[in-house]
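Residue numbers (our numbering), protein chains in the order written: chain A, 171 to 302; chain B, 6 to 88.
Everything hinted at is true.
Listed below are several chain A residues computed to face chain B (Cβ distance under 7 Å; list not exhaustive):
1. GLU215
2. PRO219
3. MET220
4. LYS223
5. ILE286
6. TRP287
With a Cα cut of at most 16 Å, we get these calculated EDC-like pairs of lysine to aspartate or glutamate:
7. A:LYS223 / B:ASP63
8. A:LYS233 / A:GLU274
9. A:LYS223 / B:GLU62
10. A:LYS281 / A:GLU215
11. A:LYS235 / A:ASP278
12. A:LYS223 / A:GLU279
Using C-beta positions, here's what the derived DEER-type ranges look like:
13. A:LYS235 / B:ARG53: 27 to 35 Å
14. B:GLY32 / A:GLY293: 44 to 52 Å
15. A:ARG210 / B:GLY74: 35 to 43 Å
16. A:GLY248 / B:SER55: 20 to 28 Å
17. A:LEU181 / B:ARG30: 49 to 57 Å
18. A:ARG249 / B:SER55: 20 to 28 Å
19. B:GLY21 / A:GLU274: 34 to 42 Å
20. B:ARG53 / A:GLY293: 27 to 35 Å
21. B:PRO82 / A:GLY194: 36 to 44 Å
Keep in mind that the hints were calculated from the coordinates and are not lab data.
From a predicted model like this one, the values you see are computed outputs, not experimental measurements.
Positions of the beta carbon are idealized from the N, C-alpha and C atoms, including for glycine.
The chain contents come next:
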Amino acid sequence: MIDVRRARIDLEAVLDSVRRDDAGAIVLFVGTVRSDEGIRALDYEVYRPMAIKSLTALAEQAKEKFGIAEMSIVHRLGRVPVGGDSVAIACAGIHRAETFAACEWAMDEVKRIVPIWKTEVEGRAKSVRGSR
Amino acid sequence: MQIRLRLFATYREIVGSRGLTWSARDGITLRELVDGIVAKYPRLADHRGSMLLAVNEDIVSAERVLTDGDEVALLPPVSGGAR
Numbered sequence: 171m172i173d174v175r176r177a178r179i180d181l182e183a184v185l186d187s188v189r190r191d192d193a194g195a196i197v198l199f200v201g202t203v204r205s206d207e208g209i210r211a212l213d214y215e216v217y218r219p220m221a222i223k224s225l226t227a228l229a230e231q232a233k234e235k236f237g238i239a240e241m242s243i244v245h246r247l248g249r250v251p252v253g254g255d256s257v258a259i260a261c262a263g264i265h266r267a268e269t270f271a272a273c274e275w276a277m278d279e280v281k282r283i284v285p286i287w288k289t290e291v292e293g294r295a296k297s298v299r300g301s302r
Numbered sequence: 006m007q008i009r010l011r012l013f014a015t016y017r018e019i020v021g022s023r024g025l026t027w028s029a030r031d032g033i034t035l036r037e038l039v040d041g042i043v044a045k046y047p048r049l050a051d052h053r054g055s056m057l058l059a060v061n062e063d064i065v066s067a068e069r070v071l072t073d074g075d076e077v078a079l080l081p082p083v084s085g086g087a088r
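With the sequences and hints as input, model every part of the structure.
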């Protein structure tokens, strides 16, 4: 499962999408919007077709690089409030070591190469400032 | 020929649009196109060094020769994922 969506991420569905009888480990990473310096939400902007292409390639690379069985990546777009889930990566492998490693690598790659930008939304005044 | 431009985040704010159509001469390279865009929107010049360029959803070199109907995206450094 590879997706970029406005709707809330169904973590159970992401988890189920990687289940396989030959996999003894599943790692689920969930990135959330944390409360920080008056931030009340993050707005995610995505170049969707390129992001989908990039996430698909990334999941395939993870399988090849770490020998894992399945990987799903789902990212939010639009406004995600503090406490909300912004990204979920589920990874299934035969053993836990490579499964943890693949999940961590994939998250780093998502932040590095997938065309997604975030803007911090502050306080009640709805003022917006760039995150970089 | 007509090039479809896509702009994101900071670049969208500078240009004031998510996308627009740009008229260019035949045989123009991506670098020449960006030169023209930066000339029209000088505030983009500060970002030129970190700008990634995509044509039809693939990152390409600035020397790429464009063709009519290409979709060119100017991409700021990404900041995706969880904070």
